[in-house]
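S.K.: So the chains spell out like this:
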Amino acid sequence: MLDKFGQMFLAIGVLVAVVVVLLLLASLARGRNGDRLRALFFVGPTVLLVAVGLIYPTVLTIIKSFRGPAGTGAFGFDNYVTIFTREALRSSIVNTAIWVLLVPLLAIAIGLLYAIIVDRTPIESFAKTLIFLPMAISMVGASVIWKFVYEYKPTQADQIGLLNQIIKMFGGETRQFLVESPWNNFFLIVVMIWIQAGFAMTVLSAAIKAIPDEIIEAARIDGASGWALFWQITLPSIRASLIMVVTTIAIAALKVFDIVRTMTGGNWDTSVIANDFYSASFTQGQPGLGSALAVLLFVLVAPIIVYNVRQLREAS
Amino acid sequence: MRRITRPIAIAGVAALTLGMAACSGDGDTADPGTDGGAGGDCSAYEAYGDLEGTEVSVYTAIVAPEADPYIESFKAFEECTGATIKYEGDKAFAEQISVRVQGGNAPDIAFVPQPGMVQTLVATGEAVEAPADTVSNVDEFFSEDWKNYGSVDGTLYAAPLGASVKSLVWYSPADFADNGYEVPETWDDMMSLTDQIAQDHGEDGLTKPWCVGFGDGAATGWVGTDWIEDTLLRTAGGDVYDQWVAHEIPFNDPQVVEAFNTAGEILTNDDYVNGGLGDSKTISTTAFPDAGLQILDGTCFLHRQASFYAGMWGEGVEVGPEGDVWAFYLPATNPEEAKPVTGGGDFALAFDDRPEVQAFQTFLASDTWANERARVSTAGGAVSANSGLDTELLANEVDKLSVEMLQDEKAVFRFDGSDLMPSAVGAGSFWTAMVDWVGGASAEDVTKSVEDTWPTS
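Respectively, the protein sequence lines represent chains A and B.
Note that the working numbering gives residue 139 to position 136 of the first sequence, counting from 1, and the numbers run on in steps of one.
Note that the working numbering gives residue 154 to position 144 of the second sequence, counting from 1, and the numbers run on in steps of one.
Calculated directly from the structure, the hints in this document are not laboratory data.
Check before you lean on any hint, since a few could be wrong.
Pairs of lysine to aspartate or glutamate residues, derived as EDC-like cross-links and limited to a Cα-Cα distance of at most 16 angstroms, are as follows [said to hold, decoys possible]: (1) A:156 / B:300; (2) A:156 / B:280; (3) B:291 / A:154.
The structure presented is a predicted model; accordingly, all values stated were derived computationally and were not measured.
Work the whole structure out from these sequences, hints included.
M.R.: Printed below as a string of structure tokens:
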């Protein structure tokens, strides 16, 4: 324990020393190109670290993905062929698509609706806290909680799962929510929405509050109300925030791993790309195939990030 | 970090061992001088000669507290021969051993927990053949199956050490007695017993003869692979089993499909599974440690699981022939011919041929060590396939049953096959196949899907 802290403080000390030395060197830079030289001293270490810690492994991963399943052997497209021909992996891609479509859509619909409903009501802050709470729970923690909610016991036995207990109270047959495909995917998606709706609500609520009262008043005077007000005034005003929330949640949904791993382990046709990537790389000894899946995930995430960056640039 | 913690761990082990030695000394009324050895009698150790001043290093995956009985069991050897055994347990053994061997830093002896790893290590060219005395001990005390697992191309390298068995069926002796059921001797008997239980108790829709759980997070399905291995070894025999594991026959060979279907008479039959838990589909959602517990509340009668399940019943549940729960040997299809047993074990592989290393190797393959280890393992776990092992010395009933199964003349022992297969299959598609199979897919389809994922290179 003491050891760990000692190492931690040592690392912090080294970092401070490096920064001080860099600052000193930067301050020494003078002359015509002084500014540029100083900039180099500040940007250089970051660029170096990103190159070593991010770009180098990325290139390695891409190279690996074009070799055999074990990440060795001759150059070829075997791993990519496997991804698109093996049925289990194809179903993972479809599932990932379902996640990316449904999670942002539903999380935002619920978050926005909630934000509008509780806006300027007496219980606003309490209601907001309530929906924001799941954000404080880790994905794995949330998954464990929901696994209990979905827990199955035969109809005749005592129930542990909340949902099945409710079904039993109304005289229905208990169900295996996590096993019955394709519906089990939706039961997993509910968990992510439960977590992300609070995030969407908070950001969108702040954006709605930021709409100047004058605009709303002017619209009211022009005769807009209800739907028209929402579609013509509110939505366009919060567009930038909306896009930010959509892209953030979409990226989180693309990379979803914890929920699937914890709740079903990818069984019963619930696997997603990130889960298959992990299994292939770390439990099944096929880092080549794992790399190919990682590259696929990267290719899918990239356009969203590019779009996000463009929007940010436009906004500023 | 490792450099710092390892000596501490070893010191801890040493301190614990000394503590244990002191404790057993207190409880013993005999002369303290005779404590910790073979009663001070060194006659069994004379053959190893005088090894005064020598040292043998042992590197294993077994760490404290499981390491304590091992260290204790070497005491008599050390006292009688004068050699020092330097024991080093490391949780990272599996990754570290090849690093050490290739780096020229190999231990004298490694306790290798898998036959596949013995092959890999021998392939490095650093391991040495077992000496003649060790070979004759192995010939005397171990079956051909065990010798083969420690051999490469017909040459014995590593003598077998400990063992564990998987082919057990857990049941409640009291429930059996109340219903007049008897422990089945053959697979057919077991199936008629299963049918009998289903008829006697099936009317509530909840009680079933068998309860099964494949669930283990991301490793869900491995329990099912054990079922298939046990069944295949019974329906097709050891040779086919070996070919199947080595992929000399396809994974979806008709004989394998037949084994699936034989196991499926239980596992995919909603009248026979899943006691207290629902239908066949609940098998893959039930966590494996929970699956057998329905026996305690009477909604299930039979649960196939390895010997480790003895520790899973919870506090206050007595395990034994007269206890609350007990196990019987998963019956063979034809016990007159062969009694297949699946399980695991470890092997002592040497990387040096100094006389003291060879002497210690021979000692490890002897009945003396097997019995000495059983004597000091007061918490149990000293199971070995050594035919010289006296079952009376074992600490608990499950160990006794395991050793009896291993020592049986008709025993055909095979390692857990999925552990020996490439991990893309053994820790991947084979598991998934089991989940899909109990979910309703056909044996043909799931075995084909495994065959398709078998790595080509």
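S.K.: All hints are to be evaluated individually against the structure, with a verdict given for each.
M.R.: A quick look at each hint next to the structure:
Pair hint residue 156 (chain A) plus residue 300 (chain B) holds up; C-alpha atoms about 13 angstroms apart against a cutoff of 16 angstroms. This hinted pair checks out: residue 156 (chain A) and residue 280 (chain B) have alpha carbons roughly 15 angstroms apart, not beyond 16 angstroms. Restraint check: the Cα-Cα separation between residue 291 (chain B) and residue 154 (chain A) comes to about 14 angstroms, which is no more than 16 angstroms; the hinted pair holds.
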